[in-house]
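Protein chains: 2
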Amino acid sequence: MGIAQKLASNQKQVAISEFFEKNKHFLGFDSLARSLITAVKESVDNSLDACEEARMLPTLKIQISKIDSKKDIIEMKTTDNGPGIPQKSVEKVFGQLLFGSRFHAIRQSRGQQGIGITGVVMYSQLTTGTPTHVRSKIATEPTASVVDIGLDTRKNKATKSNSGREIWQTDSGEFVEHGLEITCRMKAKYQKGRQSVWQYLRMTSIVNPHADITFIDPEGEVHHWPRVTERLPGKVESIKPHPHGIHLGQLQRMCNESQDSRMTVFLRGSFSGVSSRSAKELCEASEIDIKAKPKSLKPEHVRALLESMQGERTIAGKPVKLLNPPTNCLSPIEEMLIKKGLSKTIDSRYIVTMTRAPSVSNGNPYQVEVGLIFGGSMPADKHVEVLRFANRVPLMYQQGGCLLTKAIEAVNWRQYGLDQAGGKGLPKGPAAILVHLASTNVQFTSEAKEALAENGEVMEEARKAIMEMGRGLKKHLQKKKKMAKTQEKFELINDILPAIAEKSAQILERPIPELSGSITKIMSAVISETQTTWNKETKMTDVEIVLFNYTSRARSYTILCTWPEKFGASLVNNEMGGRKEATGVWAWKLATLDPGERVTLNYSLDGLEKGDWTETDVFYRGSQEVIGATKMDEKFLEEIRQQEKALKEAGIVSNESENLQEDVAEDAEGIPMDKPTVEAPEGQQTLFGGEN
Amino acid sequence: MGIAQKLASNQKQVAISEFFEKNKHFLGFDSLARSLITAVKESVDNSLDACEEARMLPTLKIQISKIDSKKDIIEMKTTDNGPGIPQKSVEKVFGQLLFGSRFHAIRQSRGQQGIGITGVVMYSQLTTGTPTHVRSKIATEPTASVVDIGLDTRKNKATKSNSGREIWQTDSGEFVEHGLEITCRMKAKYQKGRQSVWQYLRMTSIVNPHADITFIDPEGEVHHWPRVTERLPGKVESIKPHPHGIHLGQLQRMCNESQDSRMTVFLRGSFSGVSSRSAKELCEASEIDIKAKPKSLKPEHVRALLESMQGERTIAGKPVKLLNPPTNCLSPIEEMLIKKGLSKTIDSRYIVTMTRAPSVSNGNPYQVEVGLIFGGSMPADKHVEVLRFANRVPLMYQQGGCLLTKAIEAVNWRQYGLDQAGGKGLPKGPAAILVHLASTNVQFTSEAKEALAENGEVMEEARKAIMEMGRGLKKHLQKKKKMAKTQEKFELINDILPAIAEKSAQILERPIPELSGSITKIMSAVISETQTTWNKETKMTDVEIVLFNYTSRARSYTILCTWPEKFGASLVNNEMGGRKEATGVWAWKLATLDPGERVTLNYSLDGLEKGDWTETDVFYRGSQEVIGATKMDEKFLEEIRQQEKALKEAGIVSNESENLQEDVAEDAEGIPMDKPTVEAPEGQQTLFGGEN
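Going down the list, the sequences are from chains A and B.
Sequential numbering from 17 applies to the first sequence in this note's numbering.
Sequential numbering from 17 applies to the second sequence in this note's numbering.
So that you can see chain A by itself, here it is in the shape it has in the complex (with noise of 0.2 Å):
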């Protein structure tokens, strides 16, 4: 036998759990400590993956024992309220790798592979030779299916033992409609600090504001998240693959595999954004004739089809226009509820989040919202904290090979007022920045889903959106600068003058002169101080704006403030009056202001809990600069308002809010109106960019 023929004889298949057996670490089996935390990970994406398709708000149970501290054996138990399997899938979706519901389906979810629940089981029974004990309760069933899940690594079958039925009663007794209840035993261990179970349920908590959490530790202690809203993630749909993001070798195997009698059926059936008109302008461009069986093309009528598609081809020199993917394949997690779930986590000062428009990448509908966190007790001498997600799973490792991170690094941060060693990296200040990735097809680097692959298009919009971010940061720092120089100033002039005026009068013997003329003429400013506070009594938020003019000349304003009309929050007791200029915008126009007149506006806002409103955002019309609170931007003023309507017309926001656009531009008594400020947004940023 030749040397050829003998290596040859060594080759042979292996399957997939084989694999993976071997290659535990790709899919986030390294170290023990990891461990413990990808089969957590796996287990809650499921359940919460399950409940959001079965429009169930979930409630989740996570408990961790040590079985055998001296040899790292630790048992994991998770249970759920969602819909629950028949018992004739669970050996399936627990004991074969590569078997699942959402791996062709195009739409957000947080499993796709069909590997992670798999590799628990795979990795409990390498370690401790023990199987998965996995007890489900469906709703039409009478009784639970209990059994224990191996796995025959050589041929990537389940195997099973002790399979039977029995009644499922919580601890109390209750008896449970349906849920599922995992218990398996691992080579483990549990630790504390930034990458732990708890820190992992956390963060999982931030992303899914309407799950409810509850995690028993080792000790016995018990870290319970509630859902901060009743309120489930916008349902996603399925959509079909667009032309856009096609390769050559799929639309061959799609035409091949069609049973579509003519090309313009197939053409409006298998793929999102192709119309009857697009479908014939395809074929047109293609020169192939509409009736043909998409399965008897020609390769070349293949190629084609696809360069028709992609705009290569083209009907009297344009590309055939398609329209976009739709977009209720996405949930984001919406700047309102990433807010209130940051705020509740992380003590700041200082919060500002924001959604990106959705965009489509390579024919895949994508999302990037973004959210940062500044001041409070978080250490200003360090790297600013980096929260990852990517549809609404924490992403705990491999945090400098992922795109989040490197988009983060890729933002000069010394404009916007953070530490930065020689300007790129990650920016060091008291902050934390989370950016949040939704995605039909999330692209990670392996397996574990901890980081995501290269994507210029994908970096870009991460990168935009962190910058606008970056913005609202530098803003907020050159306000509290600016308004510390004023206190400054006015303190000086208000407290030290008249007392150098009283004294060099008691000196010379001469009466105390009128000082008012003089301080207006040094201060030359109007000033505006606002103050936000719980009033204990009325259970509501009490907000007081007061302006000074401390010019020489009457000065006209429009004041607007923000309030958190999204989180239910109602603006009473207010006795000046406004209008509601968009949803979570109050204006007021007030009378002429005289030289060293001033003016104070009272409200209180209704509905909300201590802590959940601490500061107001103070906005104003008018020509001359108001220290204390920001030039009113037309532009992002019309933003939210066009962001409402489209909300509107998706049905997510039910609160009306009139559309009082028309009477906006007249305003401030003849003052000329100031056009929309240079720095143009490149997102719809938030105007809650407020302290709290």
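No lab work stands behind these hints: they were computed from the structure.
Keep in mind the model is a prediction, meaning the values are calculated, not measured.
Some hints here could point you the wrong way.
One copy or two, it doesn't matter: identical chains are merged, so the pair holds either way.
Derived pair list, reagent style DSSO-like, types lysine-lysine, alpha-carbon separation capped at 30 Å [what the hints assert, rightly or not]: (1) Lys-28 - Lys-77; (2) Lys-480 - Lys-203; (3) Lys-440 - Lys-422; (4) Lys-495 - Lys-605; (5) Lys-171 - Lys-104.
Place chain B on chain A using the hints.
What follows is chain B alone, placed relative to chain A:
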């Protein structure tokens, strides 16, 4: 139908090929530029593996052509002179994922999974719809087989067309005896720079000095990296799994599948490191009958066996002693070749390399090799260049997420003379650091094999090796500084002092005083100066070492120098005699040197080319410091001898070097021997940390 049933009805099995087609970025096919590098890499890896297994010196040719620049269609054609693949195996090797010979073998190889080249076929088909053309010639058949291979991703099976046989002649008309040629077209981008095909092949040639690589780029330019050694890497042997790296689930399976009639046979035959005696002891500690059939072991017995294997069960309080696994499953590059490869590729002033002794992690033998080059034309204000390798394959992507990078970052480089912001992270300076991990089971973070996953033990080994190199760098920099200072002082004294004396004498009209005593007194040092120059006429490298005694006492020394004996150089024209102390180390015992006296050593090196050897390291034995030379650390010398001995025993080193160890201690004319310096080496540091 209930919701649970409805959800379950969508579940189905996904083929591994569908999985990797969707997740092609796991395999390294993310960006167009990287896809091309991945394709080249998979093909080159396979060729090098096949040649090594067949014990053939590899000659590779890689040609990249642009087929359609507008559509980014590129053709890759790779040819090797390896053993070829038998016709009937071709379709499985190229058209079936997870098919290969190296998955179950425990030894060092580039390919492991049986995924790589099939991934290339899959990517070509997906992006251009075309199959991959394979031409294979094996030595025992008169003609080559040709076939076009595609992949039915729904089934993970090859599709083949146009198969046949033909006579394979090279462009110059020679008949090809054996070899493999792969031609495929894919959507990809050719680019230059740090992440390019050119750079990948250049790096490959550094760590595969036995390979001859020719690259023809899309402009038709030919790049050739000839082999720098005719010696094939040591043959690697597959080993059995070691008991220390076994998991319970695996052991259960091994017992289950065993056909052995008794435990002792099973234990000795299935594991490495288990002798007859330890097999019996393992049974005893586990309370298993040594005659028991492995197949019929009860689960608790298997558990007990694992505990005994891992030292948790003991006999008379002692764990069962197992041997380490053999390390002939590894194939390190070896210091000399790393150095030769590096110095040919990167212009620099100083090189140090180091190969650590093999270690074992979880039953897997592994070995770390490092190299550092400093100075030359490298930029001083940038981060050092990092060259990462695993099993002789360059790693080009995901540098930040790789264990090898983290090992470099974990070292405090400031103490070794390099800039490092905040005392961590990549250092800055005119240096490049090479790290190579050779292992029977390299744990990558993903199938693309671009970054190593976390592993505490490997990390520690790499860190130690790097620190050792760092110490070498520090010494080099200190020596440079000291020499410069002495030089300055010497010039001052030797040039200016006589001038002043002369001038003074002139003015005072007195005779010029005799200064040599004063100079000696002021210098109070023994100085050595070494010159290494290329002699055009003789085609040899001439070395001159001069030793000055600028002290007031007579001094005795043994002077030692290094020369590249392993590169094939011989030491000639050595009129002062002396003797060889170890491979590449020559020694001269000098006659006593009186105050103010000097002595000159001259010799030449034959068998080198210009530029091969440009600076000589000089060492001394003696009590008074010699500026310009290094005190010989006898421990180092001893280690070189040990290493030589080990290599000779392993049959790797052919050139004999006499062991003169016994008469080393007696030396230097009664001047007491110095103890070896305190800074003990942690590995087998090379003495060849010289400049070149």
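Going down the list of hints, with the structure as the test:
In the homo-oligomer, the alpha carbons of Lys-28 and Lys-77 lie at most 30 Å apart only across protomers (28 Å), although the nearest pairing inside one protomer, at 44 Å, exceeds that limit. Within a single copy, Lys-480 and Lys-203 get their C-alpha atoms only as close as 43 Å, which misses the 30 Å cut-off; across copies the closest is 29 Å, which meets it. Proximity of Lys-440 and Lys-422 under a CA criterion of 30 Å is satisfied in both settings, with 10 Å inside one chain copy and 19 Å between copies. Taking the closest pair of Cα atoms, Lys-495 and Lys-605 come within 30 Å of each other only inside a single copy of the chain (23 Å); across copies the shortest separation is 78 Å, beyond that limit.
Taking CA atoms no more than 30 Å apart as the test, Lys-171 paired with Lys-104 passes in both settings, with 19 Å inside one copy and 24 Å between copies.
Going down the numbered hints, you'll see the structure goes against none, and every one checks out.
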